[in-house]
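Q: These protein sequences, in sequence, are chains A and B. Under our numbering, residues 174 to 526 are what the first sequence spells out, in order. Under our numbering, residues 371 to 498 are what the second sequence spells out, in order.
Simulated from the structure, these hints should not be mistaken for lab results. Please note: incorrect hints may appear among the correct ones.
[Said to hold, decoys possible] Computed Cβ-Cβ distance ranges for the label pairs, DEER-style: (1) B:394 <-> A:404: 22 to 28 Å; (2) B:394 <-> A:191: 34 to 40 Å; (3) A:438 <-> B:436: 38 to 44 Å.
[Said to hold, decoys possible] To list a few chain A residues with every Cβ distance to chain B over 12 Å, as calculated: (4) 195; (5) 201; (6) 204; (7) 228; (8) 278; (9) 297; (10) 380; (11) 428; (12) 439; (13) 458; (14) 494; (15) 501; (16) 510; (17) 515.
All values reported here derive from a predicted model rather than from experimental measurement. For glycine and all other residues, C-beta sits at the position ideal for the given N, C-alpha and C.
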Amino acid sequence: MNKTTLFEQHKNLGAKMVDFGGWSMPINYGSQINEHKVVRSDVGIFDVSHMSIFDLSGSEQEEFLKYLLPNDVNKIKNSGRALYSPLLNNDGGILDDLIVYNLGTHYRIISNCATRSQNHDWFLKQSKNYDVKIKLMSDLSIVAIQGPNSENILDKIGIYNLNTMSDFDVKIYNSSMIAKTGYTGEEGFEVVIDNSDVESFWMDLLEAGASPIGLGARDTLRLEAGLNLYGSDMDINNNPYESNLAWTIDLNDKNRDFIGKIALEDIKKDTYKELKGIILRDKGILRSHQLVEHKAGNGEILSGSYSPSFGFSIAFARLDKGHNGEGRVKIRNNEFKVEIVSPPFMKKGKMLI
Amino acid sequence: MNEIPGDLKFKTSHEWVRVEQDGTVTVGISDHAQDLLGDIVFVELPDIGTQMNAEDEVAIVESVKAASDVYSPVSGEIIEVNELLLDNPETVNESPYSDGWFYKIQPDDLDEINELLSPEEYSEVCEE
Chain A
174 MNKTTLFEQH KNLGAKMVDF GGWSMPINYG SQINEHKVVR SDVGIFDVSH
224 MSIFDLSGSE QEEFLKYLLP NDVNKIKNSG RALYSPLLNN DGGILDDLIV
274 YNLGTHYRII SNCATRSQNH DWFLKQSKNY DVKIKLMSDL SIVAIQGPNS
324 ENILDKIGIY NLNTMSDFDV KIYNSSMIAK TGYTGEEGFE VVIDNSDVES
374 FWMDLLEAGA SPIGLGARDT LRLEAGLNLY GSDMDINNNP YESNLAWTID
424 LNDKNRDFIG KIALEDIKKD TYKELKGIIL RDKGILRSHQ LVEHKAGNGE
474 ILSGSYSPSF GFSIAFARLD KGHNGEGRVK IRNNEFKVEI VSPPFMKKGK
524 MLI
Chain B
371 MNEIPGDLKF KTSHEWVRVE QDGTVTVGIS DHAQDLLGDI VFVELPDIGT
421 QMNAEDEVAI VESVKAASDV YSPVSGEIIE VNELLLDNPE TVNESPYSDG
471 WFYKIQPDDL DEINELLSPE EYSEVCEE
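For reference, chain A alone in the conformation it holds in the complex (with noise of 0.2 Å):
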């Protein structure tokens, strides 16, 4: 089993640890609940290394990333920004789901855990006709720092001026990287950092009075924040207009020519389920592959959880599309009229259904 640099650091605060795609990781330090509302209302920190993280070098990263990736890198071409994509196969089907971040001196590409060999494989195989060297980085470590505190505990341990940063904004802090990005729905900031520096950081953000989160709460958190888990909510199977991802589709530059783009322009006129939220407000609770039927059609539950902010369960669903906000799902021998809506529930802190 695979440890991450902050494993000790998880027995000391006597998590749970679970197997996690190979890794020891911990799942909760006590209680779920009590954690995720934590980072809804105060500051949590979640050790969150066992993600791939990939450094490309080379002269031709940007018209790479071009072709890679069908979000557009332009968008990032100022360096200190970073963008959410889809990784797709030629079909348009989804093989995972990334961040890339351009640092000024290179380009970054941080993935999921599960994915990491075959990721490594197809960036090699496709990066064969360009000046691209990666190079997958095991000696860092990341911590996200999460919630509507996560800036005041940062400036408590000394690093400030962090009120400039927006969103998807990145910078290099004493040759750490601290991105505004997160997977909570909150404020946030994701930290990567030398596995040698880790555990003096983790202790600081301890002793400045934050909590650990284990992934239990990461989990409720995302579901709330209407972020998609690659494995749960989509895969290779799938595609992005039926995932909620069409907006991370660029087709703004006519000559970009880049992985899927042929097939998705007939995936597209041919999409007929989309990926909406669903909410039950009786007792009960939403779980994966439960169905779901509605109006117009059918479909099924992939993410589903009770959720710890509003004390009822909520959900995605892939749907046929034609829904009229009302549907159906049967838990068990019992029928439960269910709400069907546009994911986020929540964002900011706000309740949005």
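Following the hints, position chain B against chain A.
A: Relative to chain A, chain B alone:
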């Protein structure tokens, strides 16, 4: 960790039973089970009057993570359910052996209980 009370018997699937003085049997889930499940957010209890066989699925307990079946440790008729759990499912986390009980059953055959595990035997199961 909640201490395991000595008068309980356990199923390997983590349910406990206690024979009350009036011969009825109270059923719940163990401290180990609630710890594995994490924060419990929903409990579905059986209807009063239902006849259960041992090993039947009798209740559902849902944590944030997942839904799990609760199996009946004994055969008999459901005579009371713990309605506190419907609005306060977290009671199962807080007090699995006391306020967090699930239901009471009028057993058909108390001998079934002798086949269940003692607290010591159950502790060994949990450590495996």
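Q: If a hint holds in the structure, say so; if it does not, say that too.
A: Now the hints, each set against the structure:
no., hint, in the structure
1, B:394 <-> A:404: 22 to 28 Å, "violated (47 Å)"
2, B:394 <-> A:191: 34 to 40 Å, "holds (38 Å)"
3, A:438 <-> B:436: 38 to 44 Å, "holds (40 Å)"
4, 195, "holds (19 Å)"
5, 201, "violated (6 Å)"
6, 204, "violated (6 Å)"
7, 228, "holds (35 Å)"
8, 278, "holds (41 Å)"
9, 297, "holds (36 Å)"
10, 380, "holds (27 Å)"
11, 428, "holds (48 Å)"
12, 439, "holds (38 Å)"
13, 458, "violated (5 Å)"
14, 494, "holds (29 Å)"
15, 501, "holds (18 Å)"
16, 510, "holds (17 Å)"
17, 515, "holds (24 Å)"
Checked against the numbered hints given earlier, this structure breaks hints 1, 5, 6 and 13; the rest are met.
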